[in-house]
Structures are given as C-alpha cells and as structure tokens.
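Residue numbers (the numbering used here), protein chains in the order written: chain A, 385 to 686; chain B, 15 to 233.
Nothing false has been slipped in among the hints.
Heads up, incomplete: computed chain A residues facing chain B, CB under 8 Å, no partners named:
hint, residue
1, 390
2, 391
3, 587
4, 588
5, 591
6, 592
7, 594
8, 595
9, 596
10, 597
11, 598
12, 601
Calculated Cβ distances over 12 Å to all of chain B for the following chain A residues:
hint, residue
13, 428
14, 470
15, 559
16, 575
17, 674
Honestly, the hints are just simulated from the structure, not real lab data.
Note that the coordinates shown come from a computational prediction; the quantities given were computed from them, not determined experimentally.
The C-beta atom is built at its ideal place from N, Cα and C for all residues, glycine as well.
Each chain, written out:
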Amino acid sequence: MRSWASAHRRACVSAFARLAAAPLANLLNITVIGIALALPLGFYVVLANLQGLARDFTPQPEISIFLVPEATATDVRVLELRLKSRSGLAGFRFVPRAQALEQLKSRSGLADVAAGLSGNPLPDAFVVIAGVSDAAALETLRAEFAAWPKVAEAHVDSDWARRLDGLLAVGRYAVLMLAAALALALVAITFNTIRLQILTQRDEIEVAKLIGATDGWIQRPFLYFGGLIGMAGGITAWLLTALALLVFNNQLGALAGLYGVPLKLTHLAWADSLFALLFAAGLGWFGAWLSVRRHLSAHNPS
Amino acid sequence: MTQIVLSSVSKRYPGGHDALANITLTVETGELVFITGHSGAGKSTLLKLMAAIERPTSGSVIVNGQNIGTLRARGIPFLRRNFGLVFQDHKLLFDRNAFENVMLPLDITGYDRRESARRARAALDKVGLLHKEKARPITLSGGEQQRLCIARAIVHRPAVLLADEPTGNLDAEYATEIGTLFSDFNQVGVTVVLATHDAQLAKRLNPRIVNIRGGRLVA
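So here's chain A without its partners, still in its complex pose (with noise of 0.2 Å):
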C-alpha cells in the first residue's frame, strides 16, 4: 500500500517534472485549452444567470381571472366563496375595476391615456396564485376558471416566463453540443500531446519495458500529465471567464443604472467551479490514456 501510494507520488512528481521542462509549449497547449473550455463555461455562466433572473421575477405563476363586465357584487361574492373553497390553490385577491384603474393610471404614460377614457372600461378581476408552477397543471386550473359563470376569461401571467425557460432550454442544449465538441478538442490536443512526449521518451519506455515496468508504471506519469494538463485548461478557462464577467459587468452595471434595476452576473458556484475543473482533468487524463495505449501496444513481444 505504501509503494503503491509512493508509485503514484512520484508519477506525480514526474508530471510536473515534465510540464517544467517544456515550460512553453505546455503554456501555449494550456492557453489553448483554456480558451476551447472558456467558451462553453461563459456561456453556460450567461444562462445561468438568466435562468436565476427569471425565477425572481416570477416567484409563483398567476392566474388572473377577469369577470364579464355585468357582474354584479353578489357574482364576485359567489366566486371568491367558490375560490375559497377550492382547495390546493396558494391564494387569491379580489382586484374591483375601479383599483385597477387607479393602477393604470398611477403607471407613467398610460395616465393620459386613462383620463381620456369616458367610463371605466376594466372588469373585476381575481389574481390567484396557483400553487403549481408545471405548464400542464397551469393550463387545467386555468381552463377549470374560464368555464365558471361570469367568468369572460383567465389568463397564466407567467406565460413570457414560460417562453423564457423554453429558449433557455434550448440555450442549454446548444452550450451542451459546445461544450461537447470543445471537450473532444481537448481529448484530441491531450493525445497529441501525449503521442509528442512518447515519441521523445521512447528509449526510456523500451528500457523500462524490458527490464519488468508494468504498463501501469509507464503509463501513471503521462496519465498525470494529461490531467495535469485538462486542469490548468481548466483553471485558465475560469479565469478567463471570471475576467470577462469583470469587464462586462462594468458595462452592465452602467445599463442597469439607467433601468435602475440592479443587474449583475456571477461566476459558477464553488461547487460548479469544482466540477468544472475535475471535468477538464478528467478529459486531460482520458485523452492520455488514449494516447497511451495506442502507443504503448507496439512493445509488446511477438
């Protein structure tokens, strides 16, 4: 168990001997890895923050019911009995035409708009929160309103929401087919690498052979290596994506202020980070293990 443990130390150690030796060309692999995942994970970082907008704007999806303009105060008592009564919706209020028009005129631009108006041309209206947020389950409840009487229609309000999470679903996959491409780049620049260094190390390989290495002792330095590799990509890439957030939030933080929302984007979650690296190693390692035993089959007696 120690020698294995001491084995595998000084494969280790042997990595890093090997990155310092050709301290530029593995510079140069690393920046070109780092750049091939930078653009995954910048992407990936950009959707998750949109999806994280959106779950703020819309913490539970609404239902607005507007009734038909004859009804009178004992039709919206009926209703907000029948409401109450209903089990399994997270609640409701009542909004009478004449608030919501208060409302529509407090909104800027639309008060002239309203002046000129001659009655109050809005229904009463129930905004219930539903208390389920899949599209299916909306649909029904919305359906099961718009048949009660009085009722002229219902309406989700978390329809754009939905349209949103929709195109981000589609945002995901086309990070997904990125990523997976970049992540072949980097298996293939890993190989390469590792066929480059096998190539120069080939006495040392043949003499170890011969005098009883295990395969698994030739290969541990290299397999090192190439995870050595896929997660100095992999840093590389955080950082550079960690700088381009710093400059575009700067410009944003200059949009936000004329919204006058607060409007930030974060970097990966420490776990994600996490994940995101061992991610790159794992390729970098693959990769070399490819390499490797393409390359390493040759030695072997006839």
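Starting from the known structure of chain A, fit chain B onto it as the hints suggest.
Leaving out everything else, chain B in the frame of chain A:
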C-alpha cells in the same frame, strides 16, 4: 530456483526467416553458459526468447515454471524481473546520470527510496564506477558504458543474468575485465547466460559452451 527449459523451440520471423530451428536446451540454476556462434546464428534470438522479448513460433520456453509462449502480456513484466539484461548497445538513458540509470530497475519495482540508493551505489561500486555516479553516460568510455549497463542489470539482484555480446565492441583488456565480472556473479550463485563470438573469453572462464550454427544446435 530459476531454471530455463527450451523444448523443440523454433522461431520464424515474419517474412519467413528461420532464426532458430528445433532447439532443446536446459540451463540449470547457477550455471555459467556461453552461447557461441557466428553473428546471425541465432544467439540473440535465443536470449530474447528466454527474457520473453520474443515468443517462440513453436515449441515451449519454460522459465521458473512459466511458459513464455502462453504467458499473458500482463505477466511478462514480473517474469522479466527475474533477469538482469545486458545489451550489446547498452541501452543506457542519456538524459540522466549513471546513478539514476542504475536506480531505474528499483524504481520500477517500487523499492524504498533510501534502500534503493544504497543498493545502486553498491552496484556501481561492484563494477568500479562509484566515482562516476554523477557522470552522464555520454561522457563514459565504451567499457565504462558496458559496466554501467551491468550495474543496472544486477542492482535488483536477479537470479539470472542474460548478456548479449557484452564484449562485442571492446578491446581485449576491457573484455577480460567484463568477463571476470560475469564470472564473479556466477561464483555467488547467479545463473549467467552469455552470448558471444569471442572465443578467447570462453577459453579463460571455462563455462559450459552451447554452440549454434544457422539456428541449430551443434553437438
């Protein structure tokens, strides 16, 4: 107890060249065996079969009770650790010094680092190169390189030394020195199998001689 038994062994290389034909030979533990013959007679191939560097085309090579013809690839490294290999072209690594070259077999077997260093120095001392442990192989003479190769072959205390033309490129004085080294190892119980076309060397050390010609044993 590492005994090497070859039974009706033939080796045909791709392309149809028969390097060895119907060789039957047993090397007992502790023997000093010289395999002699002209270059191209199949001496190297014979050694390669013993160390599982090549597999026989037919017949069986049994080392330590293991059949090399059917040994799985993952078992080969462990079989090879029974051997110390000395090559005509030394196969030293030129990117590291003499000491590090000798350390390689111990690194491979995962030996304790301090114990390894002690053994490596002992091996260098045995071949008279301790004062050159920091030297790069490229700065050593041909004889010194061969001795360094021998130090690397014996550092893990193998049961069998296999040497392919160890004196091939050396003048008579160096050759004697190297021959004496092998004789010394044999004295302490190491089985030595040495391929050479150097008749002088054979005469002095009085080994068992196996002569092959055209891939066949000559009685």
